[in-house]
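Student: Here is how the chains run, residue by residue.
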Amino acid sequence: GEDVEQSLFLSVREGDSSVINCTYTDSSSTYLYWYKQEPGAGLQLLTYIFSNMDMKQDQRLTVLLNKKDKHLSLRIADTQTGDSAIYFCAESPNQAGTALIFGKGTTLSVSS
Amino acid sequence: EPEVTQTPSHQVTQMGQEVILRCVPISNHLYFYWYRQILGQKVEFLVSFYNNEISEKSEIFDDQFSVERPDGSNFTLKIRSTKLEDSAMYFCASSGLAGTNEQFFGPGTRLTVL
Chain A
1 GEDVEQSLFL SVREGDSSVI NCTYTDSSST YLYWYKQEPG AGLQLLTYIF SNMDMKQDQR
61 LTVLLNKKDK HLSLRIADTQ TGDSAIYFCA ESPNQAGTAL IFGKGTTLSV SS
Chain B
1 EPEVTQTPSH QVTQMGQEVI LRCVPISNHL YFYWYRQILG QKVEFLVSFY NNEISEKSEI
61 FDDQFSVERP DGSNFTLKIR STKLEDSAMY FCASSGLAGT NEQFFGPGTR LTVL
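Order-wise, the sequence lines are chains A and B. Take my numbering: the final residue in the first sequence is number 112, and no numbers are missing along the way. Take my numbering: the final residue in the second sequence is number 114, and no numbers are missing along the way.
The following block holds chain B by itself, in its conformation from the complex:
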């Protein structure tokens, strides 16, 4: 069964460093998303991406964040200068064109900023 994959599973970085989180969405999906979950808190939407551009973003997704689909399979989230409060689990998701908006999630990348 097709699934969303994410790498790495755990990333540790120093404050101020840049990180890139990688995702491979389900191959025939057209919408891609990033969410994050700070420990003990809700899963929060960051950004959605369709047709090579951002279609929706939340207030969390400020200038420090960017997304890219560098090739036909990968979808990346870059954080330019990490802060302590960026420590969280980051989930990638993808969905097809169906109006049900069923989103399929990857296993997540745990980002720890020291």
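Isolated chain A (complex conformation):
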């Protein structure tokens, strides 16, 4: 079945760039998403990318998609302590109302 894998932890210094990686197996995935979960809070949609795109930039966030290798990454420029959270990669086919398949999440720890 479909699977999404992520590394579990990433530790960076404030001001550095963070790169969180994700791999997925479902070749029919059309949309790939990044969600952020702060302690005690729900899942906040950060950004998404359509599978016919290679890159999407949104302020400090850059998403790169390598569809051939089924590899997705989220780069956070100038990482701040407020970026400390769990980041989830998720995928879905191109259809409203379908289930999102999530990875286990990457815990980003930012030290000052």
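Quick caveat, the hints were computed from the structure, so don't treat them as lab data. Keep in mind that the hints are not guaranteed to be accurate.
Cut-off 30 Å, straight-line C-alpha distance, at most; resulting in silico cross-link-like pairs (DSS-like, lysine-lysine) [said to hold, decoys possible]:
1) A/Lys67 with B/Lys42
2) A/Lys36 with A/Lys70
3) B/Lys42 with B/Lys83
4) A/Lys36 with B/Lys57
5) A/Lys70 with B/Lys83
6) A/Lys67 with B/Lys57
Keeping the supplied structure of chain A fixed, place chain B upon it in accordance with the hints.
Tutor: Quick look at chain B alone, frame taken from chain A:
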């Protein structure tokens, strides 16, 4: 900004009891979902709901689970006879008709079954 809300934030129950988790999706959304996250594990899809019926469900969503939209605003998840392994964070989400399938999540209800 519109958001998904969930109540209660924490529910403690005894094994075998029924629980109802409540959600108010974003008002103009048409698709509603329940997911759960057992501590330390992945967020798992349970069920999606559209036009007053279940549109998709996972293997987890067995006969012990049911969903309902009792009025124009609430969306509920009922667990008939809770088990210890039902202890998890339950997230409600909603989405519109856009093909991007952007789903907006509530803050979750932590269910503890003793």
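Student: Decide, hint by hint, whether the structure agrees.
Tutor: Each hint, compared with the structure:
About 23 Å separates the Cα atoms of lysine 67 of chain A and lysine 42 of chain B, which keeps this hinted pair within 30 Å; it holds. For the hint linking lysine 36 of chain A to lysine 70 of chain A, the alpha-carbon distance of about 21 Å falls within 30 Å, and the restraint holds. At most 30 Å may separate the alpha-carbon atoms for a hinted pair to count; lysine 42 of chain B and lysine 83 of chain B meet this at roughly 19 Å. Taken as a hint, the lysine 36 of chain A and lysine 57 of chain B pair is honoured in the structure, with Cα atoms around 24 Å apart against an allowance of 30 Å.
The hinted pair formed by lysine 70 of chain A and lysine 83 of chain B fails the criterion: a straight-line CA distance of about 37 Å is larger than 30 Å. About 28 Å separates the Cα atoms of lysine 67 of chain A and lysine 57 of chain B, which keeps this hinted pair within 30 Å; it holds.
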